[in-house]
Amino acid sequence: MAQTRPQPTDQDISEALGDRVRRATAEGSLLRIAGGDTKAFYGRPVDGETLSTREHRGITYYDPVELIVSVRSGTPLAELEATLAGNGQMLGCEPPHFGANATVGGMVATGLSGPRRPWAGSVRDFVLGTRVINHEGYQQRFGGEVMKNVAGYDLSRLMVGAQGTLGLITEVSLKVLPRPGASHSLRLEIPLADAQAKLAEWGRQPLPITAAAWHAGALHLRLEGGPSSVAATRERLGGDELDAGFWTALREQTLDFFSRDDARPLWRLSLPHNTPSLALSGVEEADLLHDWAGTQRWLRSDLAADTIREACARAGGHATCLGSREGPGQPDPFMPLEPVVAKYHRNLKAQLDPKGIFNPGRLYAEL
Amino acid sequence: MNILYDERLDGELPATDKADVLADLQQAAPGLTLLYREEDLRPFECDGLAAYRVLPMLVALPETLEQVETLMKRCRALGVPVVTRGAGTGLSGGALPLEKGVLLVMSRFDRILDVDPDARIARLQPGVRNLAISEAAAPYGLYYAPDPSSQIACSIGGNVAENAGGVHCLKYGLTVHNVMKVEVITIEGERMTLGSEALDAQGLDLLALFNGSEGMLGVVTEITVKLLPKPETAKVLMASFDDVEKAGRAVGDIIAAGIIPGGLEMMDKLAIRAAEDFVKAGYPVEAEAILLCELDGVEADVDDDCATVRKVLEKAGATGIQQARDEAERATFWAGRKNAFPAVGRMSPDYYCMDGTIPRRELPRVLKGIADFSEEYGLRVANVFHAGDGNMHPLILFDANRPGELEQAEELGGKILELCVEVGGSITGEHGVGREKINQMCAQFNPGELTTFHAVKAAFDPDRLLNPGKNIPTLARCAEFGAMHVHNNELPHPELPRF
Ligand SMILES: Cc1cc2nc3c(=O)[nH]c(=O)nc-3n(C[C@H](O)[C@H](O)[C@H](O)COP(=O)(O)OP(=O)(O)OC[C@H]3O[C@@H](n4cnc5c(N)ncnc54)[C@H](O)[C@@H]3O)c2cc1C
Ligand SMILES: Cc1cc2nc3c(=O)[nH]c(=O)nc-3n(C[C@H](O)[C@H](O)[C@H](O)COP(=O)(O)OP(=O)(O)OC[C@H]3O[C@@H](n4cnc5c(N)ncnc54)[C@H](O)[C@@H]3O)c2cc1C
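Which chain is which? The protein sequence lines are D and H, in order.
For the first sequence, the residue numbers in the working numbering are 25 to 391.
For the second sequence, the residue numbers in the working numbering are -7 to 491.
Bound-form chain D, shown alone (with noise of 0.2 Å):
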């Protein structure tokens, strides 16, 4: 019961792009797996020939009514928001696109999720099953086109946010939500302390809350739900009415906070709930946009990666650094891991991708 039409730029190249990985392995030569390219900067460089995923397009299976949706990787994330809005659902973890050519396999590969993430649930949350082409250019399935499946390793999950550096992947299989009967973003003016303590106190309770962003002295909030509940708390929690691009800006990282004008490496602080606010010496107000209700905060800031490492680490979590418009700001964007568990990132390489012909050296120099 597929319920999309084909179009007329769908294309399965998984044979090419297997012939494309043999020949690698066999030759030894490196790949540089490429979607739209819009989220290179998200790691390190990568030396190798790009293999591109833009022609391998298109939905391969939609049922609205089993919310599942599977696609090829090359396929423009906008086309799929778009197919599944027409259906009156979307995916949950609102993934950024950082521009028009992001690719689902981009998305799954790095892992980015969108201001929905903490209620919600983040990309790997909703990814169900994937195929990748491995090391020798076989491409092969794991879960599937079901919303359970124990059968095996979860390879599929494994896959997202390890930045193509374990195989191809060539399609995905993703759970969707059905739309939100009723949206209302709302903006309060309250300090940065008291924003923190009511979001620990809504958070223990059923609130509809999809969305909470503290920036410049405001509290950002989205309510999601029946129009009764979304009513109900909108009464309650009162506050200006906030136009609903603000989350889209927040998202894209369009919001002046991000503004390239900025000479500054911009951090991304992943934090637990309810982490008080970081002594950073130097780190204004301004300097922090706490987005997730707190627990992934964007750092402007030319404090050192280890300061700010180190005080991600005493509060249970991480750093990563996104550079600037004057270059990468830190040969290693990503924190570096634990011995014992960075050993075992290793054993897991040289059995997925003996060669490393697969974004060597994006997630770490070592992968």
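Quick caveat, the hints were computed from the structure, so don't treat them as lab data.
One should not assume that every hint holds.
Below are the BS3-like pairs computed for lysine-lysine, each with C-alpha atoms no more than 25 Å apart in a straight line [as the list claims (entries may be wrong)]:
no.: 1; chain 1: H; residue 1: Lys163; chain 2: D; residue 2: Lys199
no.: 2; chain 1: H; residue 1: Lys65; chain 2: H; residue 2: Lys10
no.: 3; chain 1: H; residue 1: Lys163; chain 2: D; residue 2: Lys367
no.: 4; chain 1: H; residue 1: Lys92; chain 2: H; residue 2: Lys163
no.: 5; chain 1: H; residue 1: Lys222; chain 2: D; residue 2: Lys199
no.: 6; chain 1: H; residue 1: Lys307; chain 2: H; residue 2: Lys360
no.: 7; chain 1: H; residue 1: Lys222; chain 2: H; residue 2: Lys307
no.: 8; chain 1: H; residue 1: Lys360; chain 2: H; residue 2: Lys407
no.: 9; chain 1: H; residue 1: Lys10; chain 2: H; residue 2: Lys163
no.: 10; chain 1: D; residue 1: Lys222; chain 2: H; residue 2: Lys272
Assemble chain H with the ligands onto chain D, guided by the hints.
The following block gives chain H with the ligands in isolation, referenced to the frame of chain D:
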């Protein structure tokens, strides 16, 4: 069909002397409780898949992480396989012991280490019972969402190892969606942390990989789970149908209406009668099928949704719709479903529980297929179904005392699973592969995919000492028992290692 470990097919296991291993472990870990007498080992000879029993060489019941570390290091040095066990409620033989192995029982690690209501997380030892988590969180208005029917007994460590589900997964996810962090001890005796109290961690998502890995990659020694605020209200509707297919279609209609119920369960006539006999849940015994649809959330929304669902059900041809009047009746409605397995157990000396998943739209075809198999084998099958997420639990009724009937039941079960794969589903939705479904794995995955699984295993446990023989079949096993194609009586790919 015998599923016990077969060294010819599953790989050779090192032969060690029991007395030597015992002496070595006693010396290396002085305080460690080790059981070695037959009568002490007996209670551990099987898990919830009780048709299969093996006495382990030894049982270890550690109480400290240091003991676990030492045990792993010594077992690795001696080449002794380690099978980890939680509460032993698994239904796929995941914790089935090995004659040549040590059974590592984690049940003494049963402390709730911390409940943090503001961060909405709980830190747990692996032996904590699933239900105990929600009980500990209740004073703060919080709960732990995954609720397997075995929740009064099963352990959170076992839940992680199986990626357990429950009746609320469609809306709230499986174990993998609700675990934030685990502490692990590897076969080399190293400690590592996977995941984070933050919403994501650095590097590869090894936490996702460990969920559902059936004790094959490491021993989970601590788990941090996410707690959710209790919904303001939960209401349950029970709809009866005179036709199973109509009930199946109604499930799709509810979701098409844009509603994700907290729980959406279906039972067929045999299961309804069994449950009604057992718990007097008020089920309509004359119905061919019932649907239980729970709607939860904010009061006003739930009322709206109840009205919508009621209309959908009426339109779908429900012959009766009843909404639980109060919390007590809601609990009664659920009690029937949650006790469906033991209820069916009362109707027959033995039953065999299957766990296939299918795309929901294939439900009519699969139910028809099951009915045909049931007739063919002359064994009754009761159907209990996590309808919202396509996870079926056909329960095959049989009598193990009748010669050949267990084998018949297993064969019937195998056919059901192959049918699930054929319609695009999976051989297991939540109970795991373990030893039970090891041969059906050959139908779901091709040799290349199985080789990739073995590669993942080799990254963590190259000597195959952690729970060997479970979860992923060797290619040799598939060649012999599975659905792998064999041409001209030749094994495909003689060049591939046979593990
Ligand atoms: C009546 C009944 C109803 C059930 N209902 C459901 C249900 O609704 N949903 C569902 O998902 N399951 C259900 N189950 C199956 C079972 O309860 C689950 O699989 C549960 O997660 C097993 O937990 P356990 O502690 O008993 O694990 P065990 O059976 O002891 O072990 C299961 C597996 O986990 C591994 N393991 C255990 N502890 C650890 C550890 N600390 N580290 C590493 N590996 C470990 C074992 O090696 C084994 O492979 C049901 C079982 C019964 C008997
Ligand atoms: C090391 C290795 C890794 C593999 N990895 C994958 C993988 O990841 N994914 C995948 O889909 N397939 C993989 N294959 C191929 C796979 O085993 C099957 O051949 C393929 O999946 C077709 O399955 P089938 O059962 O339909 O084919 P079959 O019906 O078994 O075979 C089709 C025909 O191809 C021939 N044939 C099959 N395989 C080979 C071979 N390797 N060399 C020469 N002739 C052959 C057979 O003899 C037969 O004539 C791998 C093979 C090898 C040797």
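- Straight-line Cα separation of Lys10(H) and Lys163(H) no greater than 25 Å? 49 Å, violated
- Proposed proximity, Lys367(D) with Lys163(H) (alpha carbon, max 25 Å): Roughly 36 Å between the alpha carbons, so the hint for Lys163(H) and Lys367(D) is violated.
- Item | Pair hint Lys307(H) and Lys360(H), alpha-carbon separation not exceeding 25 Å | This hinted pair holds, its Cα atoms lying about 23 Å apart.
- Hint consistency between Lys222(H) and Lys307(H) [alpha-carbon to alpha-carbon, up to 25 Å]: Not satisfied, since the Cα-Cα distance of roughly 31 Å exceeds 25 Å.
- Task: Starting from Lys222(H), check that the Cα of Lys199(D) is at most 25 Å away, please.
- Result: 24 Å, holds
- Proposed proximity, Lys407(H) with Lys360(H) (alpha carbon, max 25 Å): 13 Å, holds
- Hinted pair Lys163(H) and Lys199(D), Cα distance within 25 Å: Cα-Cα ~11 Å, so holds.
- Item | 25 Å limit on alpha-carbon distance, applied to hinted pair Lys65(H) and Lys10(H) | 17 Å, holds
- Item | Proposed proximity, Lys163(H) with Lys92(H) (alpha carbon, max 25 Å) | 43 Å, violated
- Message: Tell me if the straight-line CA distance from Lys222(D) to Lys272(H) falls inside 25 Å.
- Response: Violated: Lys222(D) and Lys272(H) sit about 45 Å apart, past 25 Å.
Hint violations for this structure: numbers 3, 4, 7, 9 and 10, all remaining hints satisfied.
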